[in-house]
Amino acid sequence: MGSKPALPDRILLSIEKPARYTGGEVNSIMKDRDQVAIRFAMCFPDLYEIGMSHLGMQIIYSMLNERDDIWCERVFSVWPDLHQIMKEENIPLFALESQDPVKDFDFLGITLQYEMAYTNVLSLLDLAQIPIHAKDRKDDDVIVIGGGPCTANPEPLAPFFDMFYIGEGETVYYELMDIYKANKQVGGSRDEFLLKAANVPGIYVPSFYEAIYNEDGTIRSFGPKKEYDGKVPLQILRQVVPDLDETFYPDKPVIPYVQATQDRAVLEVMRGCIRGCRFCQAGIIYRPCRIRSLDFLKKYAKYIIENTGYEELSLTSLSTSDYPYFAELMDFLVKEFSHRKVNISLPSLRIDEFSLDIMSKVQDVRKSSLTFAPEAGTQRLRDVINKGISQEDILEGSEMAFHGGWNKVKLYFMLGLPTETDEDVKGIAELSELIAELYYDTVPKEERLGKIQITVSTSFFIPKPFTPFQWEPMYQPETYLEKAGLLNATIKDQLNQRSIRYNWHDAKTSVIEGLLARGDRRVAQIIEDVYENGASFDAWTDHFDYEKWIRAIDRSPLGLDFYVYRRRDLDEILPWDFIDSGVPKEFMKKEYAKALAEKVTPNCKEKCSGCGAAVFKGGICFENKN
Amino acid sequence: MKIRIKFTKEEPVKYLGHLDIMRFFQRCFNRAGVMMQYSEGFNPHQKMSFAMPLGLGITSSGEYLDCFIEDGQNLEKIKEDMNKVSGDGFRVISIKELKEGAIKAMAAVAYASYDVSVCKEIPSEKVLEGAEAFLNTESYIVLKKTKKREQEVDIRPLVKELSARDNVIRMTLSAGSEDNVKAETVAKAVFDLMGIDYQREKITMNRLDLYAEGMIPLEDLDTISP
Chain A
9 MGSKPALPDR ILLSIEKPAR YTGGEVNSIM KDRDQVAIRF AMCFPDLYEI
59 GMSHLGMQII YSMLNERDDI WCERVFSVWP DLHQIMKEEN IPLFALESQD
109 PVKDFDFLGI TLQYEMAYTN VLSLLDLAQI PIHAKDRKDD DVIVIGGGPC
159 TANPEPLAPF FDMFYIGEGE TVYYELMDIY KANKQVGGSR DEFLLKAANV
209 PGIYVPSFYE AIYNEDGTIR SFGPKKEYDG KVPLQILRQV VPDLDETFYP
259 DKPVIPYVQA TQDRAVLEVM RGCIRGCRFC QAGIIYRPCR IRSLDFLKKY
309 AKYIIENTGY EELSLTSLST SDYPYFAELM DFLVKEFSHR KVNISLPSLR
359 IDEFSLDIMS KVQDVRKSSL TFAPEAGTQR LRDVINKGIS QEDILEGSEM
409 AFHGGWNKVK LYFMLGLPTE TDEDVKGIAE LSELIAELYY DTVPKEERLG
459 KIQITVSTSF FIPKPFTPFQ WEPMYQPETY LEKAGLLNAT IKDQLNQRSI
509 RYNWHDAKTS VIEGLLARGD RRVAQIIEDV YENGASFDAW TDHFDYEKWI
559 RAIDRSPLGL DFYVYRRRDL DEILPWDFID SGVPKEFMKK EYAKALAEKV
609 TPNCKEKCSG CGAAVFKGGI CFENKN
Chain B
214 MKIRIKFTKE EPVKYLGHLD IMRFFQRCFN RAGVMMQYSE GFNPHQKMSF
264 AMPLGLGITS SGEYLDCFIE DGQNLEKIKE DMNKVSGDGF RVISIKELKE
314 GAIKAMAAVA YASYDVSVCK EIPSEKVLEG AEAFLNTESY IVLKKTKKRE
364 QEVDIRPLVK ELSARDNVIR MTLSAGSEDN VKAETVAKAV FDLMGIDYQR
414 EKITMNRLDL YAEGMIPLED LDTISP
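Chains A and B supply the protein sequences, listed in that same order.
Here this note's numbering is used: the first residue of the first sequence is 9, the next is one more, and so on.
Here this note's numbering is used: the first residue of the second sequence is 214, the next is one more, and so on.
Errors might be hidden in some of the hints.
[As the list claims (entries may be wrong)] Which chain A residues face chain B? A few, computed with CB under 7 angstroms, are given here:
| # | residue |
| --- | --- |
| 1 | A27 |
| 2 | G317 |
| 3 | K343 |
| 4 | H347 |
[Claimed, not checked] In silico PhoX-like cross-links for lysine-lysine, where the CA-CA straight-line distance does not exceed 20 angstroms:
| # | chain 1 | residue 1 | chain 2 | residue 2 |
| --- | --- | --- | --- | --- |
| 5 | A | K204 | A | K192 |
| 6 | B | K260 | B | K333 |
| 7 | A | K25 | A | K111 |
| 8 | A | K12 | B | K415 |
| 9 | A | K12 | B | K333 |
| 10 | A | K453 | A | K516 |
| 11 | A | K25 | A | K39 |
| 12 | A | K39 | B | K333 |
| 13 | A | K111 | A | K95 |
| 14 | A | K146 | A | K192 |
| 15 | B | K260 | B | K292 |
| 16 | A | K39 | A | K189 |
| 17 | A | K310 | B | K260 |
| 18 | B | K333 | A | K349 |
| 19 | B | K401 | B | K415 |
| 20 | A | K516 | A | K416 |
| 21 | A | K260 | B | K297 |
| 22 | A | K192 | A | K260 |
[Claimed, not checked] In silico negatives: residues of chain B with every beta carbon more than 12 angstroms from chain A:
| # | residue |
| --- | --- |
| 23 | R244 |
| 24 | L288 |
| 25 | E365 |
Worth flagging that the hints you see were computed from the coordinates, not collected in a lab.
This structure is a prediction, so every number in the text was calculated from the model and none was measured.
Cβ atoms here follow ideal geometry from the backbone N, Cα and C, with glycine treated the same way.
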């Protein structure tokens with residue numbers, strides 16, 4: 009049964025899309041608040057429509073609710089219209105299911121999916137009336153735990169969280185909950201629980217650790233504080249699920265009423281990637297590449313469609329073409345679902361004869377577009393970043409697609425990659441031009457369905473922790489814009505300029521993301537400062553206020569020169585070095601050197617590079633050895 | 214086969230917009246395993262239309278949806294199956310087959326009935342007084358704002374019935390594309406006649422049913438009795 013709404017009609021009638029806040033969706037889980045031992049608020053720090061599109065949250069939600077002693081509920085950021093009202097009327101942030109205040113829960117789990125949501129974290133702690141700093145929380149305050157990919161470097165958020173769960177959510181949550189329950193039963197304090205939790209693999213309690221700095225601002229040492237020496241681990245081992253078939257998968261995902269950004273069923277076919285692109289954090293931290301079995305996927309595809317009634321099923325992974333049973337899976341899905349009018353969507357496909365054949369079966373060719381992500385404009389630079397796609401691959405794939413009736417092509421690149429020259433930037437324009445020319449050369453006039461439409465998008469390269477480029481500097485926003493300008497001018501100088509549309513990301517957002525991605529715990533002060541000065545929803549272009557950030561950065565002792573524009577020394581202690589991702593720093597150094605030497609590394613299927621991820625005892629590391 | 218579904222939209226889902234409800238029904242049909250008829254084209258979609266949109270924040274005991282399903286399905290079973298997989302607040306009350314050439318619910322609507330509950334702070338005698346005052350006026354002019362202009366409208370003739378009991382004002386109003394008046398507009402008029410300042414939070418509204426000309430409930434209009 010539904011819960012009494014936390015917000016009166018008067019407020020709900022005065023805000024945008026009130027159903028974001030009223031809960032009660034099909035498949036959402038109601039329990040008796042008095043019959044559970046642990047109340048867990050699972051939060052995605054962005055708007056409902058964004059958060060409800062996220063598979064990871066649905067996994068944790070179903071997994072925790074599987075247990076009778078836990079009630080996991082959902083929480084999202086509230087849009088500024090309601091935020092203001094709740095602040096004025098002193099209404100604390102509430103969870104959707106029970107509509108109860110989050111501050112009365114045992115846990116608040118916040119998933120950290122992108123750095124630009126960090127101000128939203130502070131905003132929702134504040135709205136929830138939970139002390140923003142972990143050190144100010146008392147025994148009966150909620151335990152705030154962070155998870156998700158950004159915990160690859162949790163340090164910029166260290167003061168705000170009681171603990172971070174580093175790695176994939178499926179491994180130690182039950183163990184953590186059991187420890188919490190046991191501690192509660194014996195009347196143990198918050199600190200006692202945190203100390204026990206700090207010894208669960210993958211759990212990092214930042215307040216037990218400290219950094220000591222050199223005069224130049226770099227880290228001299230990082231480790232447990234004196235009083236915790238020997239009581240907490242020196243290294244936190246990132247949690248990785250060895251066998252995906254043994255994990256929990258939500259077969260009854262909550263179906264949002266308000267339309268989510270990704271409004272469809274999601275089937276994760278694979279986790280990790282065999283390819284080892286050197287800019288890609290996910291490519292390292294989700295190693296080893298692991299697949300779900302065909303039987304598993306068939307079974308869950310059916311369950312999910314039956315339990316949700318969705319009319320679209322999306323196969324997700326970092327590179328779905330690398331799924332070894334892709335043909336069999338598609339065969340099954342097309343047979344099973346075509347009569348039920350369920351569409352299959354296929355992001356992350358490599359374009360070749362086989363994938364084009366499949367795409368033509370499941371998509372409207374006239375409406376869909378081909379997507380390539382060469383990431384760099386020349387073969388030299390693609391070798392530097394280890395992006396295993398060649399100009400021939402792209403041109404051959406395009407030609408086949410043109411004959412199949414496609415005439416829309418999307419191309420994704422990065423600007424500002426290590427070693428990039430003007431030639432590399434211009435190379436993007438030239439490659440786009442070649443594709444356009446290829447269309448007019450290979451498709452006879454009478455067969456053309458209008459002109460070719462090429463969309464070139466560039467983002468600015470942001471070095472991320474746990475990548476071979478983690479030591480690299482970024483450029484100033486002006487330099488990025490010059491690069492984008494050069495590319496734009498080159499495109500405009502070419503024959504087919506009218507067929508090519510070019511858009512580029514905001515350079516200023518990229519610089520701030522760069523700061524947050526590789527910052528240390530001193531960056532927390534900047535985040536807090538900028539939040540106090542009104543920043544939130546920074547991931548939303550209209551809400552991002554660069555000047556606010558710059559003012560906050562100027563007030564802090566170390567600025568962008570230190571965190572963003574500086575080339576880090578290979579021997580420097582990096583803020584995230586205490587995390588063991590399974591892939592040692594030595595491997596990253598080796599890859600970095602190979603990048604600068606323009607040498608490629610084969611993918612995991614071709615040849616094992618001995619990255620170290622075999623320590624997790626699963627996935628591709630073992631498949632190949634059979 | 215063309216069918217008409219009568220359903221409720223109760224408290225927990227009263228803030229869902231029209232498109233949200235449409236998506237809900239699409240998926241509810243799918244979950245219940247109802248064999249739907251689809252439109253032609255590369256992106257086939259279920260063919261459905263609703264009788265009359267309901268304002269956000271208003272509940273309803275009588276909403277209507279017309280749609281097409283494959284022949285040969287048991288309507289009573291569909292109703293049961295849908296209610297098993299429905300969401301809180303949505304409940305299918307009846308499903309009836311429509312006659313050949315039946316008028317669409319949307320086109321047939323002529324009247325809508327509502328219960329407007331007034332908060333307990335206002336004495337029931339006062340509400341009764343206001344209701345009677347409204348019934349006794351010959352005309353009641355309100356300013357109706359459209360996107361382009363403001364227009365004076367006499368709402369008194371659009372109120373077919375009105376009565377009050379225990380702080381509940383029950384009203385039957387002209388509805389549909391020609392003459393239409395909102396329950397809230399009439400409630401405001403009654404507040405005005407009571408001499409009490411109107412605020413939205415002083416009332417809750419529930420739509421009771423929709424009718425065609427001659428006060429025939431839509432569930433009985435052009436439907437084939439089983």
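* Find the hints from earlier in the document that the structure breaks and name them by number, from lowest to highest. => 3, 4, 6, 7, 10, 11, 12, 17, 18, 20, 22 and 23
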